[in-house]
Each structure stands twice: as C-alpha cells, then as structure tokens.
Amino acid sequence: MREELQDSMKRLVNFMNFTRSFFKRKNPFKALAVSLLSSLKDMLTIRQKLKMAKYRVNYHKHQLHKMESLIAESNEHTFLKGKNLNETR
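Residue numbers (our numbering): 25 to 113.
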C-alpha cells in the first residue's frame, strides 16, 4: 500500500510539473487578457473607424462625380446635356 501511495504521489507531482510547464509555455490567462484588451479596443474605436469609412466612401463618390463631369465637358455629345449647343448640328 505504501508503494501505491508513493506511485500515486509521483504521478501527481509529475502531472503538476507538466501543467506548470504548459502554463509557462502557453499561458492561457495572458492570451485571454490580450484577447479581451484587443476586443475592448476594437469596441471603443469602432465609431472612429466607421467615420473614416464614411469619409472614404464620400470622397470616392466626389472624385467619381468630378471625373464624370470632366468627361461630360470634353465629350463631343455635350448637346445632349442641354447646357451647350452643338455647333455641328
């Protein structure tokens, strides 16, 4: 019985050493903390990211409108817009 108890204690100590080594290598608590902090940071900065995305969309819409107006000005069919008369007509 004494040997069985010693074997059980050795197994328990061995298991504790394995778990300690695992926590040193992987450290799940630190990974959890990093994950929580990054999620919190994303949640706090989501409004700013949304504003930047809206600004980019509006800027590209403006650039597209500007390009379309420049193309329409230099187009030979400007009489279709009604602003200028086509002189070859």
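Derived by calculation from the structure, the hints in this document are not laboratory data. Each residue gets a CB set at the ideal place from its N, CA and C atoms; glycine is no exception. One or more of the hints may lead you astray.
With a cut-off of at most 27 Å between alpha-carbon atoms, the simulated DSS-like pairs for lysine-lysine come out as follows [what the hints assert, rightly or not]:
| id | residue 1 | residue 2 |
| --- | --- | --- |
| 1 | Lys-85 | Lys-75 |
| 2 | Lys-65 | Lys-54 |
| 3 | Lys-78 | Lys-65 |
Distance ranges between label pairs, derived from CB positions [said to hold, decoys possible]:
| id | residue 1 | residue 2 | range |
| --- | --- | --- | --- |
| 4 | Ser-62 | Val-37 | 51 to 61 Å |
| 5 | Ala-57 | Val-81 | 30 to 40 Å |
| 6 | Phe-42 | Lys-65 | 31 to 41 Å |
| 7 | Leu-36 | Thr-69 | 42 to 52 Å |
Verification of the hints:
1. Lys-85 / Lys-75: Given pair Lys-85, Lys-75 holds - Cα atoms ~15 Å apart, limit 27 Å.
2. Lys-65 / Lys-54: OK: Lys-65 and Lys-54 at ~16 Å, within 27 Å.
3. Lys-78 / Lys-65: Satisfied, since the Cα-Cα distance of roughly 20 Å is no more than 27 Å.
4. Ser-62 / Val-37: 51 to 61 Å: Distance hint for Ser-62, Val-37 is violated at roughly 37 Å.
5. Ala-57 / Val-81: 30 to 40 Å: The hinted range 30 to 40 Å holds for Ala-57 and Val-81, with Cβ atoms some 35 Å apart.
6. Phe-42 / Lys-65: 31 to 41 Å: Between Phe-42 and Lys-65, where Cβ atoms are some 34 Å apart, the hint holds.
7. Leu-36 / Thr-69: 42 to 52 Å: 47 Å, holds
Hint check: a violation occurs at hint 4 only; the rest are consistent with the structure.
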